[in-house]
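The listed protein sequences correspond, in order, to chains A and B.
Anchor point for the first sequence: position 232 equals 232 in the working numbering, and the numbering is continuous, going up by one each time.
Anchor point for the second sequence: position 77 equals 77 in the working numbering, and the numbering is continuous, going up by one each time.
What the hints contain is simulated information worked out from the structure, not anything from laboratory work.
Don't take each hint at face value.
Stated by the list, open to error - No more than 25 Å apart at the CA atoms, straight line, and that leaves these computed lysine to any residue pairs for SDA-like: (1) A:K166 to B:S168; (2) B:K166 to A:S339; (3) B:K148 to A:S339; (4) A:K128 to A:V296; (5) A:K166 to B:Q171; (6) A:K342 to B:Y336; (7) A:K166 to B:I340; (8) B:K148 to A:V296; (9) A:K342 to B:G101; (10) A:K342 to B:V272; (11) A:K166 to B:K166.
Stated by the list, open to error - Per the computed footprint, the stretches of chain B lying under chain A, defined by three or more beta-carbons under 8 Å from a beta-carbon of chain A, are: (12) 171-179; (13) 183-197.
Stated by the list, open to error - Some but not every residue of chain A turned toward chain B, in silico, with C-beta under 8 Å: (14) E169; (15) Q171; (16) D192; (17) V310; (18) S312; (19) V330; (20) V333; (21) Y336.
All values derive from a computational prediction rather than experimental measurement.
Note that the Cβ used here is the ideal one computed from N, Cα and C, for glycine as well.
So the chains spell out like this:
Protein chains: 2
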Amino acid sequence: MEYRRIKDQDKDVNPATEDLESLRGKAILDGPAPYDKTKWKMKSMVTLALTFLTSSQAILIVWSKRAGRYEYSVTTANFLVEALKCALSLLALGRIWRTEGVTEDNRLSTTVDEVSVYPIPAALYLVKNLLQYYIFAYVDAPGYQILKNLNIISTGVLYRIILKKKLSEIQWAAFILLCAGCTTAQLNPSSDHVLQTPFVGWIMAIIMALLSGFAGVYTEAIIKKRPSRNINVQNFWLYVFGMAFNVVAIIIQDFDAVVNKGFFHGYSLITVLMIINHALSGIAVSMVMKYADNIVKVYSTSVAMLVTAVVSVFLFNFHLSLAFFLGSTVVSVSIYLHSIGKLQR
Amino acid sequence: MEYRRIKDQDKDVNPATEDLESLRGKAILDGPAPYDKTKWKMKSMVTLALTFLTSSQAILIVWSKRAGRYEYSVTTANFLVEALKCALSLLALGRIWRTEGVTEDNRLSTTVDEVSVYPIPAALYLVKNLLQYYIFAYVDAPGYQILKNLNIISTGVLYRIILKKKLSEIQWAAFILLCAGCTTAQLNPSSDHVLQTPFVGWIMAIIMALLSGFAGVYTEAIIKKRPSRNINVQNFWLYVFGMAFNVVAIIIQDFDAVVNKGFFHGYSLITVLMIINHALSGIAVSMVMKYADNIVKVYSTSVAMLVTAVVSVFLFNFHLSLAFFLGSTVVSVSIYLHSIGKLQR
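This is chain A alone, in the form it adopts within the complex (with noise of 0.2 Å):
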């Protein structure tokens, strides 16, 4: 009883939005369909692969700061992120388009309608990481990593507001705790400086966390808007945007750097490698957005965080601390009732 008048509510929901979490839930009930299964076997593999990528990216990041800091223009990395992801997008089309031939669904050439949206996520991201030159004005760069804790918190709310998905009580419980438990596992000795972020800081943290979270679920409602279209043509379009505004970041930021010394100086094996690594993340996020949502990414990259720091005591000596482990503790229990949470609703 209390299902069906749940279902009754998701009426109101826009359709495009409607995805397989209801679908899911009905697997639940039901026993899932073969359709389901696909689904949902999906839905795990683009999740792993995400927290997989994600955690091997960060110990990338820590290998590198051993290695000695590689003195290369960031916003031009970003621009060859952009580029492979579009040209790992066009070549599985070609496949695709060789043993399923060019259907309307698969067609790379698109409408004004359908493309004008693409530019948004990739706007923002580029206002966000702009922001972020300026952020360290009043913030170190560890009370930056605590403060990102915040993207978690806006990303539910704007989830909840721009695709008009309902969350249960008990999942927004789960969220916060997501949010206070990743940022209990990241604490150190030195961490309660952040308490003393000038007020300039605290906006422009919210202002950031606002515009990932944004960016992040715009890019959700365009994929999801177009259920049968293909992901490696949604991925192509939302990547040529992403390398138009990459030129402008290289020009606002770099420009110089790069006319005197080379569009690849300082560029390093390990810089290929993040290189290669942001670009399947990347891609991983866009299939996630597709076959899950937001809101499993978040959770997803938390865990890679956790992994992250459990890894590296294997490989670079590091020693968790007891804040670690109530972090993890908090971050388990939020997973556990994301998951119940989902079924009692």
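Fit chain B to the given chain A structure using the hints.
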């Protein structure tokens, strides 16, 4: 339907332990009966009293530490706490006898069958207090404060096993969060030392948590076994044995000091205030056992810990750490989950 299923399960439960939890569940579904309302009011009042007394207890301890250490014998103070509780119970009984007359439920005389279990909690506390002297060979005082949070888990587990009362899955999750949240709130830069506690120290901490949890749960079982018996009579017998076991503790630990320097050596105004406070909070604990349960007691003392920290900011210019905010958030979510877990099970 869900509720009916759970009610059927409850029938297996020892009737002596089936108390106002179920009455409260009924009250929420059928609307509160006047009888339930009184009990609910009583439950809230004793819980608030316990929270208030526990916070002021901790504040008195901080005050006494700042005023310099008083070299009084802790065992004599513990004895006086029991004696004062005994006197207060008799006083309350005297008033009841005058207004209601002596009845079967409020007469002081008892049977061997009734009284035989009353020494057990006092004996358990004695063993725990004696162990406390030895654990400091393995853990320092701030580390012991952290390890004491194991009490939360041990109380939950023993509550389930001994009183055979079910907690819902959400309530278990809430309980783990309460433990993690309280520990997080108490974190300080030196807390990581706890992880280096030797194995013997861990075992002792776990045994002490079990002893303390068992004493609490057993007290609840004794008090709830005879629901109609006047709480002041039950308290009287508990405290008589408390006095007796504290005489044993004085002889074991402080015999020489008491003989040479006198029973009241080193007492000050703060010592007297602390004894009064301990006595009143001891009575509040008994009341919580009678009208609520050990779970309410654990939540109440955890909230008291947070209240103490906030009050200390104003009284002693303490600074609140980021860990405190995160821990408080987790504890708040835990309380919320515990309350919705009660309704949903």
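Status of the hints after comparison with the structure:
Note on A:K166 and B:S168: the hinted pairing holds, with a Cα-Cα distance of about 24 Å set against a maximum of 25 Å. The straight-line distance between the Cα atoms of B:K166 and A:S339 is roughly 21 Å, inside the 25 Å bound, and the hint therefore holds. Under the criterion of a C-alpha separation no larger than 25 Å, the hint pairing B:K148 with A:S339 is inconsistent with the structure, at around 31 Å. Distance restraint check for A:K128 and A:V296: the Cα-Cα separation of roughly 22 Å lies within the 25 Å cut-off, and the hinted pair is therefore satisfied.
With a C-alpha separation of about 23 Å, the suggested pairing of A:K166 with B:Q171 holds against the 25 Å cut-off. Simply put, A:K342 and B:Y336 have alpha-carbon atoms about 18 Å apart, close enough for the 25 Å limit, and the pair holds. The suggested pairing of A:K166 with B:I340 holds, with an alpha-carbon distance near 18 Å, which does not exceed 25 Å. Between the alpha carbons of B:K148 and A:V296 the distance comes to roughly 36 Å, so the proposed pair goes past 25 Å and is violated.
Distance hint between A:K342 and B:G101 is unfulfilled; the C-alpha atoms sit about 57 Å from each other, more than 25 Å. The suggested pairing of A:K342 with B:V272 is violated, with an alpha-carbon distance near 54 Å, which exceeds 25 Å. Of the pairs offered as hints, the one joining A:K166 and B:K166 is violated, with about 30 Å between alpha carbons and a cut-off of 25 Å exceeded. Residues of the stretch 171-179 of chain B lying with their CB closer than 8 Å to a CB of chain A number 3, which satisfies the three-residue condition for coverage.
With 8 residues having a beta carbon nearer than 8 Å to a beta carbon of chain A, the stretch 183-197 of chain B meets the requirement of three or more and the stated coverage holds. Annotation: interface hint on A:E169 holds; nearest CB of chain B at approximately 6 Å, less than 8 Å. Below 8 Å, beta-carbon pairs count as interface contacts, and A:Q171 has none with chain B, the closest being about 12 Å; its hint is therefore violated. Because the smallest distance between the Cβ of A:D192 and any Cβ of chain B comes to about 5 Å, under 8 Å, the interface hint for this residue holds.
The criterion of a C-beta within 8 Å of any C-beta in chain B is not met by A:V310, whose closest approach is roughly 15 Å, and the hint is violated. Interface restraint check for A:S312: the shortest CB-CB distance to chain B comes to about 16 Å, outside 8 Å, so the restraint is violated. Against a cut-off of 8 Å between C-beta atoms, the interface hint on A:V330 holds, since the closest Cβ of chain B lies about 5 Å away. Restraint check, A:V333 versus chain B: the minimum CB separation of about 5 Å is within 8 Å; hint holds.
Interface hint status for A:Y336: upheld, as the beta-carbon distance to the closest one in chain B is roughly 6 Å, under 8 Å.
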